[in-house]
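Colleague: Using the sequences and the hints, build the whole thing.
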Amino acid sequence: MNKLIVNFQKNINSVTMIAYLFNVILIALLYNNPLITGVVWLSLLVMSFLTKRDKLGAYLKFSGVIFLVTVLFNLILNQRGTTLLLNWPWLKITTESLGNGIILGISFVNLLWAFYLYNALARTKVIFEVLSKFFKSIAIIFILTIKFIPRIVEIFTETKNLQKFRLGESKGGLKQMMNLTEIVLNKAMGSFMNVSDSLLLKGYEGRQKKLGRTEYQRSDFLILVLIVIAVTFNFTMVILKVGQVNFGSAKVLIPIDWKVGIIAVINCGLIILPLILGGINYGWWKFYVSKTTASATITAKRYR
Numbered sequence: 059m060n061k062l063i064v065n066f067q068k069n070i071n072s073v074t075m076i077a078y079l080f081n082v083i084l085i086a087l088l089y090n091n092p093l094i095t096g097v098v099w100l101s102l103l104v105m106s107f108l109t110k111r112d113k114l115g116a117y118l119k120f121s122g123v124i125f126l127v128t129v130l131f132n133l134i135l136n137q138r139g140t141t142l143l144l145n146w147p148w149l150k151i152t153t154e155s156l157g158n159g160i161i162l163g164i165s166f167v168n169l170l171w172a173f174y175l176y177n178a179l180a181r182t183k184v185i186f187e188v189l190s191k192f193f194k195s196i197a198i199i200f201i202l203t204i205k206f207i208p209r210i211v212e213i214f215t216e217t218k219n220l221q222k223f224r225l226g227e228s229k230g231g232l233k234q235m236m237n238l239t240e241i242v243l244n245k246a247m248g249s250f251m252n253v254s255d256s257l258l259l260k261g262y263e264g265r266q267k268k269l270g271r272t273e274y275q276r277s278d279f280l281i282l283v284l285i286v287i288a289v290t291f292n293f294t295m296v297i298l299k300v301g302q303v304n305f306g307s308a309k310v311l312i313p314i315d316w317k318v319g320i321i322a323v324i325n326c327g328l329i330i331l332p333l334i335l336g337g338i339n340y341g342w343w344k345f346y347v348s349k350t351t352a353s354a355t356i357t358a359k360r361y362r
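If you use the working numbering, the sequence shown corresponds to residues 59 to 362, in order.
Hints were generated in silico from the structure; no laboratory data involved. It is possible that some hints are incorrect.
To be verified - With a straight-line cut-off of 25 Å between C-alpha atoms, the simulated PhoX-like cross-links for lysine-lysine are:
#: 1; residue 1: Lys-317; residue 2: Lys-299
#: 2; residue 1: Lys-110; residue 2: Lys-68
#: 3; residue 1: Lys-344; residue 2: Lys-68
#: 4; residue 1: Lys-113; residue 2: Lys-68
#: 5; residue 1: Lys-113; residue 2: Lys-61
Modeller: Below you can see the structure in the form of structure tokens.
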């Protein structure tokens with residue numbers, strides 16, 4: 059993990075980390091403008107690469123499959139539009155349906171990478187304690203969902219590797235991909251139910267959690283206020299339909315103006331917030347604290 063992200067993680071509490079990750083997931087869901095979704099995807103990819111690299115290749119392959127399946131399903135189910143690209147008796151591909159499929163695919167991929175980032179940065183036990191205290195009814199479902207997505211990726215990788223050793227495989231690429239997706243979902247649902255039963259047997263559904271005192275520093279308040287402002291800003295933009303594209307209309311218009319650019323830059327900054335604040339903290343230490351503090355202090359040891 060990058061040392062700037064490690065420093066960010068050490069200087070905030072668990073509640074602030076949950077708020078940051080919640081905001082990242084929200085950003086991945088709200089917009090469907092190509093410029094914004096593209097910038098969000100690049101930001102998530104950079105953060106994922108700097109945070110956790112050991113399973114990056116598997117997630118890249120899985121996100122590619124999710125993208126292709128989403129585009130194909132959208133082309134089959136949504137055949138509306140006026141600008142024809144391909145016209146078959148059973149399939150009509152238009153510019154509008156293709157654009158909608160690509161944007162939906164990128165949105166699903168962004169959500170996948172947001173949960174990848176969550177899995178790398180969040181402390182599951184602490185998050186479960188917070189949820190079981192304030193939102194007991196959804197605590198188990200939330201934890202299962204968060205653990206469910208990485209498990210799907212693992213099952214997909216294992217199943218795909220096993221299929222490489224099968225002989226006499228004569229199915230087409232699309233049919234083989236659909237069969238692989240079906241196998242992965244069936245195995246994942248079984249794994250989901252097994253984990254759910256295990257949690258219930260351990261008594262998590264009625265467990266009373268006692269949280270220790272959470273200490274808030276100046277950086278925690280700063281980040282929480284920033285996230286509240288960001289969530290308010292993003293919801294306001296969605297209500298005003300700024301950064302939104304209506305792919306269901308007869309003529310699709312994709313606005314790319316200064317408003318969309320500002321939204322893209324702001325959300326990019328919110329996603330890479332650990333790098334920005336970690337860099338500021340590191341610069342403050344390097345050019346000020348290191349000249350006035352002995353090298354044996356805790357602050358100095360973090361950057362050795």
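Colleague: Is the hinted pair Lys-344 and Lys-68 satisfied, with a Cα-Cα distance of at most 25 Å?
Modeller: holds (17 Å)
Colleague: Is the hinted pair Lys-317 and Lys-299 satisfied, with a Cα-Cα distance of at most 25 Å?
Modeller: holds (11 Å)
Colleague: Given the hinted pair Lys-113 and Lys-68, is their Cα-Cα distance within 25 Å?
Modeller: Given pair Lys-113, Lys-68 holds - Cα atoms ~23 Å apart, limit 25 Å.
Colleague: Please verify whether Lys-113 and Lys-61 have alpha carbons no more than 25 Å apart.
Modeller: Holds, at about 19 Å.
Colleague: Tell me if the straight-line CA distance from Lys-110 to Lys-68 falls inside 25 Å.
Modeller: holds (16 Å)
Comparing the model with each numbered hint stated earlier shows that all of them hold.
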